[in-house]
Amino acid sequence: DAKTTQPPSMDCAEGRAANLPCNHSTISGNEYVYWYRQIHSQGPQYIIHGLKNNETNEMASLIITEDRKSSTLILPHATLRDTAVYYCIVRVAGGSYIPTFGRGTSLIVHP
Amino acid sequence: NAGVTQTPKFRVLKTGQSMTLLCAQDMNHEYMYWYRQDPGMGLRLIHYSVGEGTTAKGEVPDGYNVSRLKKQNFLLGLESAAPSQTSVYFCASSYSSGGREGEQFFGPGTRLTVL
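Taken in order, these protein sequences are the chains called A and B.
Position in the first sequence (from 1) plus 139 gives the number in the working numbering.
Position in the second sequence (from 1) plus 3 gives the number in the working numbering.
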């Protein structure tokens, strides 16, 4: 599975959009991009995933560049409850899967 | 559905003692995983299983053993606990496919302290 690079920390004002970048320059054509978040002391929680196209759900939007070498998770209206560590990982579609989470991005949403 | 459950939630051991952490899932997932998370660190994969009766090593397997005798259960054992194994342990499960089926579901964690 391709490795990812994320900034260690970011901050955002409540009510504003939070844009979290992820670099996955070695991603293969059959690898998905997944985003998870971990609120303090809890187990990680799935947010969204994508292969090629941009995706949106009730939690966030995922923008994947045309060359698929990077992506951005967008929280459109960040709230204090969005303060968490956000992990970007890539994985193949099916077959053996050894996920690597890394340290993620610590997002602090301030009033 | 209960999702992924972990037993116990907290445990304190003395150096050299042994214990087993139990993970159970009721989603009929093929894959199960054990991670550890140290303060300020990301999750590191200890062992994983791609099906009943199979296990494989992850990034940090030393000092741990696992078993998957039933599809719904994944056990993590510490034969002789060491202070370096003080950590929060998370279990997760998923289907083997990609897309939304590849989503991992995590348990609430077990906080282990080795004195």
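No wet-lab data here; the hints were simulated from the structure.
Don't take every hint at face value.
A few chain A residues that face chain B, going by a derived Cβ cut-off under 7 Å, partial list only [stated by the list, open to error]:
#, residue
1, Pro146
2, Pro147
3, Cys151
4, Arg155
5, Gly189
6, Phe240
7, Gly243
Only part of the chain B face toward chain A is listed, based on derived beta-carbon distances under 8 Å [to be verified]:
#, residue
8, Pro11
9, Phe13
10, Gly19
11, Asp41
12, Pro42
13, Leu48
14, Tyr67
15, Gly105
16, Gln107
17, Gly110
18, Val117
19, Leu118
Straight-line C-alpha distance at most 30 Å; calculated DSBU-like pairs for lysine-lysine [said to hold, decoys possible]:
#, chain 1, residue 1, chain 2, residue 2
20, B, Lys60, A, Lys208
21, A, Lys142, A, Lys191
22, B, Lys17, A, Lys142
Treat the numbers as computed from the prediction; the structure is a model and nothing was measured.
Cβ coordinates follow ideal geometry from the N, Cα and C atoms, glycine included.
Hints, one by one, checked against the model:
| no. | hint | result |
| --- | --- | --- |
| 1 | Pro146 | violated (14 Å) |
| 2 | Pro147 | violated (10 Å) |
| 3 | Cys151 | violated (21 Å) |
| 4 | Arg155 | violated (26 Å) |
| 5 | Gly189 | violated (10 Å) |
| 6 | Phe240 | holds (4 Å) |
| 7 | Gly243 | holds (6 Å) |
| 8 | Pro11 | violated (15 Å) |
| 9 | Phe13 | violated (12 Å) |
| 10 | Gly19 | violated (28 Å) |
| 11 | Asp41 | violated (11 Å) |
| 12 | Pro42 | violated (11 Å) |
| 13 | Leu48 | holds (7 Å) |
| 14 | Tyr67 | violated (16 Å) |
| 15 | Gly105 | holds (6 Å) |
| 16 | Gln107 | holds (7 Å) |
| 17 | Gly110 | holds (6 Å) |
| 18 | Val117 | violated (19 Å) |
| 19 | Leu118 | violated (21 Å) |
| 20 | B:Lys60 to A:Lys208 | holds (29 Å) |
| 21 | A:Lys142 to A:Lys191 | holds (17 Å) |
| 22 | B:Lys17 to A:Lys142 | violated (37 Å) |
Checked against the numbered hints listed earlier, the structure breaks hints 1, 2, 3, 4, 5, 8, 9, 10, 11, 12, 14, 18, 19 and 22; every other hint is satisfied.
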